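Residue numbers (our numbering), protein chains in the order written: chain A, 1 to 207; chain B, 1001 to 1207.
Keep in mind that the hints were calculated from the coordinates and are not lab data. Everything numeric in this text was worked out from a predicted model, so none of it was measured. Even for Gly, the Cβ is constructed at its ideal location relative to N, Cα and C. Hints should not be assumed to be uniformly reliable.
Stated by the list, open to error - Simulated restraints, written as ranges between beta carbons of each label pair:
(1) V200(A) / D1061(B): 27 to 35 Å
(2) L206(A) / R1142(B): 38 to 46 Å
(3) K1121(B) / K204(A): 22 to 30 Å
To be verified - In the DMTMM-like style, the derived pairs of lysine to aspartate or glutamate whose C-alpha atoms are separated by at most 20 Å in a straight line are:
(4) K1105(B) / E1149(B)
(5) K1204(B) / D172(A)
(6) K204(A) / D1172(B)
(7) K1120(B) / E1081(B)
(8) K1120(B) / E1140(B)
(9) K105(A) / E39(A)
There are 2 protein chains.
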Amino acid sequence: MTVDHSVPYLPRTPLLFVVSGPSGAGKDSVLAGLKKTAENLQFITTMTTRKPRAGEVDGVDYTFVSPEKFEQLKAQNEFLEYAQVYGNWYGPPKEAIRQALRQAKDAILRVDVQGVASIKKIVPEAVFIFIMPPSLSELEKRLKQRVTETPVELALRLNTAAQEIAQLPLFDYVVVNNGGSLHVAVNELKAIILAERCRVHPRKILL
Amino acid sequence: MTVDHSVPYLPRTPLLFVVSGPSGAGKDSVLAGLKKTAENLQFITTMTTRKPRAGEVDGVDYTFVSPEKFEQLKAQNEFLEYAQVYGNWYGPPKEAIRQALRQAKDAILRVDVQGVASIKKIVPEAVFIFIMPPSLSELEKRLKQRVTETPVELALRLNTAAQEIAQLPLFDYVVVNNGGSLHVAVNELKAIILAERCRVHPRKILL
Chain A
1 MTVDHSVPYL PRTPLLFVVS GPSGAGKDSV LAGLKKTAEN LQFITTMTTR
51 KPRAGEVDGV DYTFVSPEKF EQLKAQNEFL EYAQVYGNWY GPPKEAIRQA
101 LRQAKDAILR VDVQGVASIK KIVPEAVFIF IMPPSLSELE KRLKQRVTET
151 PVELALRLNT AAQEIAQLPL FDYVVVNNGG SLHVAVNELK AIILAERCRV
201 HPRKILL
Chain B
1001 MTVDHSVPYL PRTPLLFVVS GPSGAGKDSV LAGLKKTAEN LQFITTMTTR
1051 KPRAGEVDGV DYTFVSPEKF EQLKAQNEFL EYAQVYGNWY GPPKEAIRQA
1101 LRQAKDAILR VDVQGVASIK KIVPEAVFIF IMPPSLSELE KRLKQRVTET
1151 PVELALRLNT AAQEIAQLPL FDYVVVNNGG SLHVAVNELK AIILAERCRV
1201 HPRKILL
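Please build the complete structure, drawing on both the sequences and the hints.
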């Protein structure tokens, strides 16, 4: 008779939520919406060797580290996964997740779809959530609005998105981000988190 | 790319939610709270041979039938479970559930804890939700407020409640109904329903 979700969530098992989805699905917008009202939820910042862009805050947008530091943590197996994009390394550090769990907080992180299969091997008990665009044509529209995309880049991204969507069966939940009604997607993500907190047999993370 | 939870929930697999919990946990209050704002959710009315009490509406509070009719459905194996209480029969009819699922609506029903083990055998893919009082002492307080309880009845009910709470591991989710903040429990129940609707691998009911 000690279960209690309403008040301070005291003896509850802390959880790990992994959010992913194709580029252009709106993962960042949905997570930003969640962040505004999330309680007891630690957003895990990705570590990168990339230089900060204008306006980016260390520890918030990314944790910026030297290539040497990244290499050291990689050698110590201290990333949940890591990937090189355009010559820069990216990876969510395990220690940040452990720290959240030790503080009895749920951890949430955002990863690219291609990292999910390997993360599932390390933490099969994480809750995997896929943010989905309402359709490929809508995704194309969104990607076209990003002025940075050339036609070749666009075709490549759409092809990648189709391949990423094929990874859906790896996930536990799917949230459709219907752009115009972002709050619907945010609300679904919040519901998933709250529901997982109500589990009789919670998905305990060993990391 | 046809998944869509936001708008009309079209090609989604309809689900079955089974809500239970000890007497005095406030199942009816939580379900009444849910009913006010639930969308696309069919509340399954229990069939009974008991005579309607003042104010009870046929098909809403219960579906009132003759003992002969109940016996006939029982013989046809048309109840999800059935039980006799003070000489009257009670049971949720399978056909009402099938009807909801055929209409692509999720079905939700309220049963006593002792019925859950046998329901799990028939529909293991149902989502089982336990409504829990915050503590046994709080439950005692609530039961005492019901003027109908004699001290012997009260002791019996508390003992039954303790036995029922021991059945918690049979359930998927637990919602603590902290009386004073009913909306917290209703919100958790709604989150569970919404989250289950977002499952990549939904729990398909065969009935």
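So, going through the hints one by one against the coordinates:
{"no.": "1", "hint": "V200(A) / D1061(B): 27 to 35 Å", "in the structure": "holds (29 Å)"}
{"no.": "2", "hint": "L206(A) / R1142(B): 38 to 46 Å", "in the structure": "holds (39 Å)"}
{"no.": "3", "hint": "K1121(B) / K204(A): 22 to 30 Å", "in the structure": "holds (27 Å)"}
{"no.": "4", "hint": "K1105(B) / E1149(B)", "in the structure": "violated (38 Å)"}
{"no.": "5", "hint": "K1204(B) / D172(A)", "in the structure": "holds (15 Å)"}
{"no.": "6", "hint": "K204(A) / D1172(B)", "in the structure": "holds (15 Å)"}
{"no.": "7", "hint": "K1120(B) / E1081(B)", "in the structure": "holds (10 Å)"}
{"no.": "8", "hint": "K1120(B) / E1140(B)", "in the structure": "violated (29 Å)"}
{"no.": "9", "hint": "K105(A) / E39(A)", "in the structure": "holds (9 Å)"}
This entry does not satisfy hints 4, 8, going by the numbered hints stated previously.
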